[in-house]
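Chemist: Sequence:
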Amino acid sequence: MKELTEYIAKSLVEHSDKVEVRENSRGHHITLELSVDKEDMGRIIGKGGRVANAIRTLLRVAAERDGQQVTLDVVEP
Numbered sequence: 001m002k003e004l005t006e007y008i009a010k011s012l013v014e015h016s017d018k019v020e021v022r023e024n025s026r027g028h029h030i031t032l033e034l035s036v037d038k039e040d041m042g043r044i045i046g047k048g049g050r051v052a053n054a055i056r057t058l059l060r061v062a063a064e065r066d067g068q069q070v071t072l073d074v075v076e077p
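The opening residue of the sequence shown carries number 1 in this note's numbering; numbering runs sequentially from there.
A few of these clues could be false.
Distance condition first, Cα-Cα at most 27 Å in a straight line; then the derived DSSO-like pairs of lysine-lysine [claimed, not checked]:
id : residue 1 : residue 2
1  : Lys-38    : Lys-10
2  : Lys-38    : Lys-2
3  : Lys-2     : Lys-18
4  : Lys-38    : Lys-18
5  : Lys-47    : Lys-10
6  : Lys-2     : Lys-47
7  : Lys-18    : Lys-47
Quick list of simulated restraints, FRET-style, between CB atoms [as the list claims (entries may be wrong)]:
id : residue 1 : residue 2 : range
8  : Glu-14    : Asn-53    : 19 to 27 Å
9  : Leu-12    : Gln-68    : 18 to 26 Å
10 : Ser-16    : Gly-67    : 24 to 32 Å
11 : Leu-58    : Asn-24    : 17 to 25 Å
12 : Glu-64    : Glu-14    : 30 to 38 Å
13 : Glu-64    : His-15    : 25 to 33 Å
Source of the hints: derived by calculation from the structure; they are not laboratory data. No residue lacks a Cβ here, since even glycine has one placed at the ideal position from N, Cα and C.
Turn these sequences into a full structure, and let the hints guide you.
Modeler: Shown next, in the form of structure tokens:
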């Protein structure tokens with residue numbers, strides 16, 4: 001899940017070197033924390049949170065294939 005999140009985020013932002021994803025897993029539940037450059041926050045969140053929700057949906061579908069649950073948190077810089 002971490003690699004998928006990094007790939008999506010790096011595709012959306014201008015400062016791809018500042019993309020950082022931390023993964024915490026407890027059993028079947030994975031929590032991902034995504035942090036990007038301050039200037040790229042709008043690109044990750046999107047209008048009304050649409051982009052962030054789309055990323056969460058993709059991660060949820062990918063996690064279900066593996067029998068897991070995933071949560072994505074976008075961390076403020």
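Chemist: Below or equal to 27 Å on CA atoms is what counts here, so check Lys-38 against Lys-18.
Modeler: Holds, because 9 Å separates the two Cα atoms, which is no more than 27 Å.
Chemist: Just to be sure I understand the hint, the distance between the Cβ atoms of Glu-64 and His-15 should be within 25 to 33 Å; is that true here?
Modeler: holds, 31 Å
Chemist: Looking only at beta-carbon atoms, does the pair Glu-14, Asn-53 fall within the given range of 19 to 27 Å?
Modeler: Once the Cβ atoms are compared, 21 Å apart, the range 19 to 27 Å for Asn-53 and Glu-14 holds.
Chemist: So if I understand the rule, the pair passes when the alpha-carbon distance is 27 Å or less; does Lys-18 with Lys-47 pass?
Modeler: With a Cα-Cα distance of about 22 Å, the restraint between Lys-18 and Lys-47 holds, given a limit of 27 Å.
Chemist: For the pair Leu-58 and Asn-24, does the Cβ-Cβ distance stay inside 17 to 25 Å?
Modeler: holds, 19 Å
Chemist: Would the hint linking Lys-38 and Lys-10 be met if the CA-CA limit is 27 Å?
Modeler: Status holds; Cα separation ~14 Å.
Chemist: Are the Cα atoms of Lys-38 and Lys-2 separated by 27 Å or less?
Modeler: Roughly 21 Å separates the two Cα atoms, so the pair holds.
Chemist: Using the Cβ atoms, figure out if Glu-64 sits within 30 to 38 Å of Glu-14.
Modeler: holds, 32 Å
Chemist: For the hint 24 to 32 Å, verify it against the beta carbon of Ser-16 and that of Gly-67.
Modeler: holds, 31 Å
Chemist: Does the structure keep Lys-2 and Lys-18 at a Cα separation of 27 Å or less?
Modeler: holds, 15 Å
Chemist: Taken at face value, is the distance from the CA of Lys-47 to the CA of Lys-2 at most 27 Å?
Modeler: Holds, at roughly 24 Å.
Chemist: Given a hinted range of 18 to 26 Å, is it respected by the beta-carbon distance of Leu-12 and Gln-68?
Modeler: With Cβ atoms ~24 Å apart, the hint holds.
When each numbered hint is compared with the structure, no violation occurs for any of them.
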